[in-house]
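Put chain X on the given structure of chain Y with help from the hints.
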Amino acid sequence: MKNRKLRSIYTGFKDSQLTPEVAFWDRRSFIKSLGYSALAGAGQSSLNTFASEAAAIDYSTTEPLSSEYVVTHHNNFYEFSTSKSKPAELATNFNPSNDWKVSISGLVEKPGEYTLDDILKWTNVEERIYRLRCVEGWSMVIPWSGFQLSDLINKVKPTNNAKFVEFKTLKSRSVFPGQKRGALGFSVLSWPYREGLRMDEAMNPLAFIATGVYGKRLPGQNGAPLRLVVPWKYGFKSIKSIVSIRFLDQRPSNTWHKSAPREYGFYANVNPNVDHPRWSQANERRITDESFFGVKRIPTQMFNGYSEHVASLYKGMDLTLEY
Amino acid sequence: MNVKLAKIVAHLLCWLPLGYLVVAVSTRNLGADPQERVMHLLGYWGLLFLLLGLAITPVRRLFKVSWLFQYRRMLGLYAAFYLLLHITTFTLFYLNLNLSELWKETIQRPYISVGMLGFMLIIPLVLTSTKTMQKRLGRNWAKLHRLVYVIAVLGIIHFVWQSKADLNEPLSYALVLIVLLGVRIYWYLRKRK
Numbered sequence: 001m002k003n004r005k006l007r008s009i010y011t012g013f014k015d016s017q018l019t020p021e022v023a024f025w026d027r028r029s030f031i032k033s034l035g036y037s038a039l040a041g042a043g044q045s046s047l048n049t050f051a052s053e054a055a056a057i058d059y060s061t062t063e064p065l066s067s068e069y070v071v072t073h074h075n076n077f078y079e080f081s082t083s084k085s086k087p088a089e090l091a092t093n094f095n096p097s098n099d100w101k102v103s104i105s106g107l108v109e110k111p112g113e114y115t116l117d118d119i120l121k122w123t124n125v126e127e128r129i130y131r132l133r134c135v136e137g138w139s140m141v142i143p144w145s146g147f148q149l150s151d152l153i154n155k156v157k158p159t160n161n162a163k164f165v166e167f168k169t170l171k172s173r174s175v176f177p178g179q180k181r182g183a184l185g186f187s188v189l190s191w192p193y194r195e196g197l198r199m200d201e202a203m204n205p206l207a208f209i210a211t212g213v214y215g216k217r218l219p220g221q222n223g224a225p226l227r228l229v230v231p232w233k234y235g236f237k238s239i240k241s242i243v244s245i246r247f248l249d250q251r252p253s254n255t256w257h258k259s260a261p262r263e264y265g266f267y268a269n270v271n272p273n274v275d276h277p278r279w280s281q282a283n284e285r286r287i288t289d290e291s292f293f294g295v296k297r298i299p300t301q302m303f304n305g306y307s308e309h310v311a312s313l314y315k316g317m318d319l320t321l322e323y
Numbered sequence: 324m325n326v327k328l329a330k331i332v333a334h335l336l337c338w339l340p341l342g343y344l345v346v347a348v349s350t351r352n353l354g355a356d357p358q359e360r361v362m363h364l365l366g367y368w369g370l371l372f373l374l375l376g377l378a379i380t381p382v383r384r385l386f387k388v389s390w391l392f393q394y395r396r397m398l399g400l401y402a403a404f405y406l407l408l409h410i411t412t413f414t415l416f417y418l419n420l421n422l423s424e425l426w427k428e429t430i431q432r433p434y435i436s437v438g439m440l441g442f443m444l445i446i447p448l449v450l451t452s453t454k455t456m457q458k459r460l461g462r463n464w465a466k467l468h469r470l471v472y473v474i475a476v477l478g479i480i481h482f483v484w485q486s487k488a489d490l491n492e493p494l495s496y497a498l499v500l501i502v503l504l505g506v507r508i509y510w511y512l513r514k515r516k
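Here the protein sequences come in this chain order: Y and X.
Position 107, counted from 1, in the first sequence is what the numbering used here calls 107; the numbers after and before it change by one each time, with no gaps.
Residues are numbered in the numbering used here as their position in the second sequence, beginning at 1, plus a constant of 323.
Rather than coming from a laboratory, the hints here were simulated on the basis of the structure.
Among the hints, a few may not be true.
Quick list of in silico lysine to aspartate or glutamate cross-link-like pairs, EDC-like style, CA-CA up to 16 Å [to be verified]:
hint : chain 1 : residue 1 : chain 2 : residue 2
1    : Y       : 180       : X       : 428
2    : Y       : 101       : Y       : 117
3    : Y       : 258       : Y       : 322
4    : Y       : 258       : X       : 489
5    : Y       : 155       : Y       : 109
6    : Y       : 86        : X       : 428
7    : Y       : 101       : Y       : 118
8    : Y       : 216       : Y       : 68
9    : Y       : 121       : Y       : 89
10   : Y       : 155       : Y       : 113
11   : X       : 427       : Y       : 68
12   : Y       : 155       : Y       : 117
13   : Y       : 110       : Y       : 151
14   : Y       : 101       : Y       : 89
15   : Y       : 180       : X       : 489
Bound-form chain Y, shown alone:
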């Protein structure tokens, strides 16, 4: 019970709204449990939450989830390490609280330093089960909890001149050992990690800020305490441990694009027809669990299967050039 209370503080869930892990596997019981909480709560706020969660279900996939172990032990978080298993070990002491500060700046009516607590008060926390496709060719199905990015953006009111949003990850060598130079003096990437979205992409209802995963608060290795999730784009767009959100009139640079412009673009939309220069993107290896045969090769879908929601954003664009 105590643990549950703690969790609910972190994720912004009320006790009665927390879905037990097993329920994730069964959409019906998931809906039922929400229905139960709406009836039992009978209050205005829980009815609102129910409405928003019911709407959210349209965005969630019904594919089998990747296990909690693989979701939390297979992380590309170069701030900790370039190894995918190391972030889980190195992030054990990285447990930011809800006092974590996010700077909101640029072309916006309400700039300022906000804590995660402030932000959670403006938004409706809900659960979304999204596919995640890494540019390296593997994929997972992940039950996130968090809020729609548009909720946050609407609250801080960007001006009409704002055409892009830029995100930055925390830069701190004491927190992130991977930001130090390596044995031969090479920096892995230029820090802090940066990402960006076009304003209409950021306002798309699929664009999500996760504060939790698998019904628990987001672990350090998954980008605690808040991270972007843009499921129709390659995973590197979904920037972790955000400390800055800036509204701009020009397209910001993003870290991987700066590091290798021929290999990683600004848009980075999942696209089976446009190969990475060094490997094919036509298929992906879906990681379901950590057993030796827990990985299966499946075809990759256009926009990672989210075409109906996002294809219109890129009408008239040559996606082989704007990769």
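Coordinates of chain X only, in the frame set by chain Y:
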């Protein structure tokens, strides 16, 4: 130590990495994507055996340990063995055993082309590794087996090229290879003078 016994121990040491993989796979100790880990480790050990084989001659000359020589062929053959397994796992897990796709990947992806070329060049060396073949080829045997320098360079290029951002590890291997080839060039130039 008895030479035969020493060789048995050396063989066992060479099988150790594979033994580790079998145990690690069955105890689920290879992280969330064991297939990828297995493929990477096999390639990594293939390169390591190749570099160890290339280290025999310089170490033998510098430290006057002539008995080391008997292990050179063994290391080369184990390198070929681990690299064969490396390519097999790639074909199996990444391409679902689709050989036409293997061909496509090999010609389309430069880092795979380079690695595959390196592996192709190992095959004649494996086939001519026996004592009989050595005798039959005579002086040409040594010439042919100089291909190992090319193979090692191709292997290192493949390793550096496939890495995404962190070049520290692959370039450390490249440095080792540069030293191993560098001493040979130095000795060669000195001999000519």
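To see whether the hints hold, each was checked on the structure:
Our distance criterion of 16 Å between C-alpha atoms is broken by residue 180(Y) and residue 428(X), whose separation comes to about 35 Å. The straight-line distance between the Cα atoms of residue 101(Y) and residue 117(Y) is roughly 9 Å, inside the 16 Å bound, and the hint therefore holds. Restraint check: the Cα-Cα separation between residue 258(Y) and residue 322(Y) comes to about 15 Å, which is no more than 16 Å; the hinted pair holds. Proposed proximity of residue 258(Y) and residue 489(X) is supported: the alpha carbons are some 15 Å apart, at most 16 Å.
Of the pairs offered as hints, the one joining residue 155(Y) and residue 109(Y) holds, with about 9 Å between alpha carbons and a cut-off of 16 Å not exceeded. The suggested pairing of residue 86(Y) with residue 428(X) is violated, with an alpha-carbon distance near 30 Å, which exceeds 16 Å. Proximity of residue 101(Y) to residue 118(Y) is assessed by CA-CA distance (about 9 Å); at most 16 Å being required, the pair is judged to hold. At most 16 Å may separate the alpha-carbon atoms for a hinted pair to count; residue 216(Y) and residue 68(Y) meet this at roughly 10 Å.
With a C-alpha separation of about 32 Å, the suggested pair residue 121(Y) and residue 89(Y) falls outside the 16 Å cut-off, and the hint is violated. Restraint check for residue 155(Y) and residue 113(Y): the C-alpha separation of about 14 Å stays at or below 16 Å, so the hint holds. Pair hint residue 427(X) plus residue 68(Y) does not hold up; C-alpha atoms about 35 Å apart against a cutoff of 16 Å. About 14 Å separates the Cα atoms of residue 155(Y) and residue 117(Y), which keeps this hinted pair within 16 Å; it holds.
For the suggested pair residue 110(Y) and residue 151(Y), the alpha carbons sit about 14 Å apart, so the restraint of at most 16 Å is met. Restraint check: the Cα-Cα separation between residue 101(Y) and residue 89(Y) comes to about 24 Å, which exceeds 16 Å; the hinted pair is violated. Simply put, residue 180(Y) and residue 489(X) have alpha-carbon atoms about 12 Å apart, close enough for the 16 Å limit, and the pair holds.
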